[in-house]
Amino acid sequence: MNNQLLPIVTVPEVATVVEIRDEIPEVKTFFFTFDRPEIEEAFRIRSGQFIMCTVFGAGEFAVSLPFSPENDRKHISVRKVGKVTAALHALEPGDKIGIRGPFGNGFPFEEIKGKNVVYVAGGIGLIPLRSSIVHVLQHRQEFGRVILVYGARSSRDLMYKESIREWKATSGFETYFTIDRPEPGWSGEVGFVNQLVARIDLPVEHTVAFVCGPPVMFNSVIKELKIKGIKEQNIYSTLERHMKCGIGKCQHCAIGRTLVCVDGPVYTYRQIKTLGEQI
Amino acid sequence: MYWLEKNRVRELVEKLSREYAVFGPRYDEVSEEVIFDRLADPGQLNLQAPISYNPPKYILFPHYEEILKYTYDRKSKQVAIEKFSKIQPKALVGIRSCDLTGILCLDRFFLGQEFVDEFYLEHRKKLFLISSTCVRPFPQCFCVCTDSGPAAREGFDLDLTFTGEGYLVLAGSRKGQKLVDELKLEPAGKEASSLRKKIIGESISSFDKFALENKAWISRATNRLTTGFVKPEVWEYIGNQCFECGACSFVCPTCSCFNVEDVNRIPQTDRVRTWDSCSFEGYTKMAGDHNPRKPVEDRRNKRFFCKLSYSQSKKYLRPGCVGCGRCARVCPGDIGLPNVVTYIRREITGEEDR
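Chains A and B, in that order, are what the protein sequence lines are.
For what it's worth, numbering that gives the first Met the number 0 labels the leading residue of the first sequence as 0, then goes sequentially.
For what it's worth, numbering that gives the first Met the number 0 labels the leading residue of the second sequence as 0, then goes sequentially.
FYI, nobody ran anything at the bench for these hints, they're computed from the structure.
One or more hints might be untrue.
[Claimed, not checked] Straight line, CA to CA, 25 Å or less: simulated DSS-like cross-link-like pairs of lysine-lysine:
1. K85(B) x K174(B)
2. K73(A) x K76(B)
3. K89(B) x K5(B)
4. K196(B) x K5(B)
5. K79(A) x K293(B)
6. K293(B) x K272(A)
7. K74(B) x K27(A)
8. K230(B) x K313(B)
9. K230(B) x K272(A)
[Said to hold, decoys possible] Covered stretches of chain B, as calculated for chain A (at least 3 residues, CB under 8 Å):
10. 64-71
11. 252-265
12. 276-283
In this text, a Cβ means the ideal position worked out from N, Cα and C, and glycines have one as well.
Given only the sequences and the hints, what does the whole structure look like? Please build it.
Structural data, given as structure tokens:
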């Protein structure tokens with residue numbers, strides 16, 4: 000890649016929030032552009048990376064990047080959960096934010112070409128997977144079967160409804176949706192994601208799986224995938240931790256011998272098992 | 000090697016103080032403790048004082064440091080961000096070998112990994128380091144077990160070894176050589192090298208007599224920690240002893256975890272970083288109160304893992320413990336690093352008592 004910008008390490012780059020979209024309760028998507036044209040031009044990411052986002056006057060938080068490395072609008076999707084994210088939710092279009100990054104390793108892309116790709120997401124676990132999904136769909140012909148299994152508590156907790164509509168229209172993209180309890184007007188599956196994973200026909204050979212969701216969902220889905228025969232080194236996930244620096248110095252995100260910010264956030268399940276800590 | 004007479008130390012400090020803020024071991028008038036502190040007067044420097052209560056770590060990695068300041072005017076949507084730049088040149092005189100090794104660990108951690116820490120680099124570039132050989136150990140010392148003393152081998156601008164009459168001086172850098180030249184120090188003679196070796200040898204052999212508080216089976220403990228063979232009961236025992244005060248981290252020459260916070264002062268906001276400790280419960284707590292590390296033993300073993308495991312040692316190119324014994328001195332729960340190593344040793348050998 001030419002003209003690739005090095006990560007913004009120390010001083011945040013100023014960006015403008017250009018559009019804010021309500022996704023699901025407590026979750027909003029913030030589209031942004033960098034104020035300096037040369038940064039806007041050169042900012043490149045890999046799927047699965049994250050940034051440190053400054054809300055001026057409130058602080059900084061780590062957030063995964065949901066947009067594709069190619070031809071996609073820059074945005075972040077954030078749940079209002081603490082002090083800084085609450086301040087972010089109070090912003091309006093035109094407000095400024097600060098960006099450092101991108102940091103972290105990211106999901107494999109070149110290495111998995113030709114393989115079947117299975118995405119399993121629970122709730123807002125779809126946010127970090129979105130980047131890889133869009134990127135793979137942009138290169139649909141270079142992959143085998145591409146499957147998304149997505150579950151949420153209720154239909155109003157399903158993220159990215161608009162994107163999902165587009166994805167469904169992509170030929171050769173298999174999608175399964177489930178919600179925890181039946182709802183009037185819901186025609187998809189009902190039950191937990193792991194139960195759905197157990198039921199459906201998934202490829203096993205030449206297959207990689209990307210799993211992201213709350214810890215309980217994560218563990219139960221891994222169990223089902225392993226029963227099906229998908230190898231631990233072919234199951235990827237992205238972990239989140241309390242982070243302060245993003246560059247491997249503050250040590251808050253240490254898991255076992257690794258730091259999520261530089262050695263992660265993407266790990267294979269085989270790695271996760273050896274880290275010796277809770278997810 | 001050069002020769003510095005005892006009574007010329009003052010001259011050395013005065014010379015440095017023209018260019019640098021000079022720090023060194025001195026007695027604190029109130030507590031009567033030896034502290035590594037800014038010298039208001041060259042006469043305060045006490046190179047014969049016992050090991051200082053605090054390591055000089057805070058001089059290049061401050062407890063509380065403003066790193067950025069910014070203003071954001073929501074009405075006009077104007078943002079101004081600036082890096083703080085008030086880092087002054089500093090000279091550290093009389094650093095013990097353990098503490099110098101600590102600085103080298105921090106160098107490798109902050110400067111030698113994937114990313115370079117700009118603020119640490121700024122401090123580090125402006126440092127002048129004068130190490131001092133420990134001619135005899137103190138009760139809490141175990142640097143011979145961690146290969147970090149009693150004399151410095153690298154990383155100094157000047158190194159001093161006290162002979163009784165004066166100091167043998169080694170120049171370790173061009174900056175150091177320049178100071179030697181400016182002070183017009185005489186060569187110490189042919190015997191100097193073997194004299195320094197003899198002094199160091201005597202210091203090492205006096206560990207059995209003076210350094211009675213701690214002995215650390217570092218290599219076996221490293222092996223156990225790295226392979227994960229320390230039983231959960233050992234960590235539980237250690238966890239139960241921990242007061243979660245963070246003192247061990249704060250007196251450790253190599254502990255470098257920090258927190259970052261934006262502090263609002265009208266009209267600007269300062270981004271500050273402050274020391275943090277993995278023993279604090281909130282250390283890993285995420286927004287929304289999810290905390291992946293809850294029990295204290297889970298947090299405790301992280302610290303010892305960080306000091307002694309092979310994977311962490313790769314970042315420092317040596318063990319993360321430098322054998323200064325300060326954690327053992329300050330820990331109210333009696334689980335300084337040497338004791339933890341002892342518990343691990345007991346587990347291996349099946350010994351009942353110490």
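Do the hints match the structure? See the list:
A threshold of 25 Å between alpha carbons decides the hint, and for K85(B) with K174(B) the separation of about 22 Å falls inside it, so the pair holds. Of the supplied pair hints, the one linking K73(A) and K76(B) holds, its CA atoms being roughly 20 Å apart against a limit of 25 Å. A C-alpha spacing of about 23 Å is found between K89(B) and K5(B), which places the hinted pair at or below 25 Å, so the restraint holds. A C-alpha spacing of about 20 Å is found between K196(B) and K5(B), which places the hinted pair at or below 25 Å, so the restraint holds.
For a cut-off of 25 Å, the pair hint linking K79(A) to K293(B) stands: about 23 Å separates their Cα positions. This hinted pair checks out: K293(B) and K272(A) have alpha carbons roughly 19 Å apart, not beyond 25 Å. Distance restraint check for K74(B) and K27(A): the Cα-Cα separation of roughly 23 Å lies within the 25 Å cut-off, and the hinted pair is therefore satisfied. Using a Cα cut-off of 25 Å, the hinted pair K230(B) and K313(B) holds, with the two alpha carbons roughly 24 Å apart.
Note on K230(B) and K272(A): the hinted pairing holds, with a Cα-Cα distance of about 18 Å set against a maximum of 25 Å. For the segment 64-71 of chain B, the stated coverage by chain A holds: 4 residues have a C-beta nearer than 8 Å to a C-beta of that chain, and at least 3 were required. As drawn, the segment 252-265 of chain B meets chain A at 8 residues by the rule of a beta-carbon pair under 8 Å; at three or more, the given contact holds. A stretch counts as covered by a chain when three or more of its residues have a beta carbon under 8 Å from one of that chain; for the segment 276-283 of chain B and chain A the count is 3, and the coverage holds.
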